[in-house]
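Q: Sequence:
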Amino acid sequence: MFKKCISSLFAIILVATSLHFTTPTASALPPNIPSKSTALFKLNALTVKTEGSMTGYSRDLFPHWSSQGNGCNTRHVVLKRDADSVVDECPVTTGKWYSYYDGITFTSPSDIDIDHVVPLAEAWRSGASSWTTTKRQSFANDLNGPQLIAVSASSNRSKGDQDPSTWQPPRTGARCAYAKMWVETKSRWGLNLQSTEKTALQTAINACSY
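Sequence positions in the sequence shown follow mature numbering (1 follows the signal peptide of the UniProt record, and there is no 0) and run -28 to -1, 1 to 182.
A portion of the hints provided could be inaccurate.
Unchecked claim - Pairwise CB distance ranges (calculated):
{"id": "1", "residue 1": "134", "residue 2": "7", "range": "24 to 32 angstroms"}
{"id": "2", "residue 1": "66", "residue 2": "137", "range": "34 to 42 angstroms"}
{"id": "3", "residue 1": "63", "residue 2": "162", "range": "28 to 36 angstroms"}
{"id": "4", "residue 1": "168", "residue 2": "28", "range": "17 to 25 angstroms"}
{"id": "5", "residue 1": "102", "residue 2": "37", "range": "19 to 27 angstroms"}
{"id": "6", "residue 1": "37", "residue 2": "181", "range": "32 to 40 angstroms"}
{"id": "7", "residue 1": "109", "residue 2": "27", "range": "19 to 27 angstroms"}
{"id": "8", "residue 1": "40", "residue 2": "104", "range": "14 to 22 angstroms"}
What the hints assert, rightly or not - When the alpha-carbon atoms are kept at most 30 angstroms apart in a straight line, the in silico BS3-like pairs for lysine-lysine are as follows:
{"id": "9", "residue 1": "21", "residue 2": "68"}
{"id": "10", "residue 1": "107", "residue 2": "8"}
{"id": "11", "residue 1": "14", "residue 2": "68"}
{"id": "12", "residue 1": "170", "residue 2": "21"}
{"id": "13", "residue 1": "14", "residue 2": "107"}
{"id": "14", "residue 1": "8", "residue 2": "21"}
{"id": "15", "residue 1": "21", "residue 2": "107"}
{"id": "16", "residue 1": "68", "residue 2": "170"}
{"id": "17", "residue 1": "52", "residue 2": "68"}
{"id": "18", "residue 1": "52", "residue 2": "8"}
{"id": "19", "residue 1": "14", "residue 2": "170"}
No lab work stands behind these hints: they were computed from the structure. Since the structure is predicted, the reported quantities are computational estimates derived from the model, not experimental observations. Virtual Cβ for every residue (Gly too), placed ideally from N, Cα, C.
Using the sequences and the accompanying hints, generate a full structural model.
A: Quick look at the structure:
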């Protein structure tokens, strides 16, 4: 009886292990997404201020997709990081990506955009208009925080330069992480937020289970 129990237990462990390694994995999320409590703390520490104007704004003032060495630029690095599978070095031409915002899987990088979680125009209106071009370049190519994520081109373009008070990911399950990524990015870079934006972020983060 004892041997049968051990054998049964061993079989269960083998099955569980097999399931663990064969279950498809979701794409990687950006680094340094805060916990719910940390995100709420950082949200409350941000300066609430009337949004600035777009006067003088140009995407060229945020040089992006900088070289990251070995033939890779920032876009390539994020494509490789967020892929479920990728076979290329750089440039990345094939792979498989799960778009976190809308839950759609793609196999061509041409269908994928690298979203600036806090859009460049939004950053401009929130304090980046006073930065140097060098600092804006660092912001636009930030691989150390949760500012860049590979998502479907359609979701990225529907978002445009909107903040969370007027746009959130169409996939409900993505809204918690999105709000926390937004707060972390604004906190890391010392950007302001407006009152409607704060309310939307607070609501989304309060609904988080983690």
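Q: Can you name, in rising order, the numbers of the hints this structure does not satisfy?
A: Hint check: 9, 11, 16 fail, others pass.
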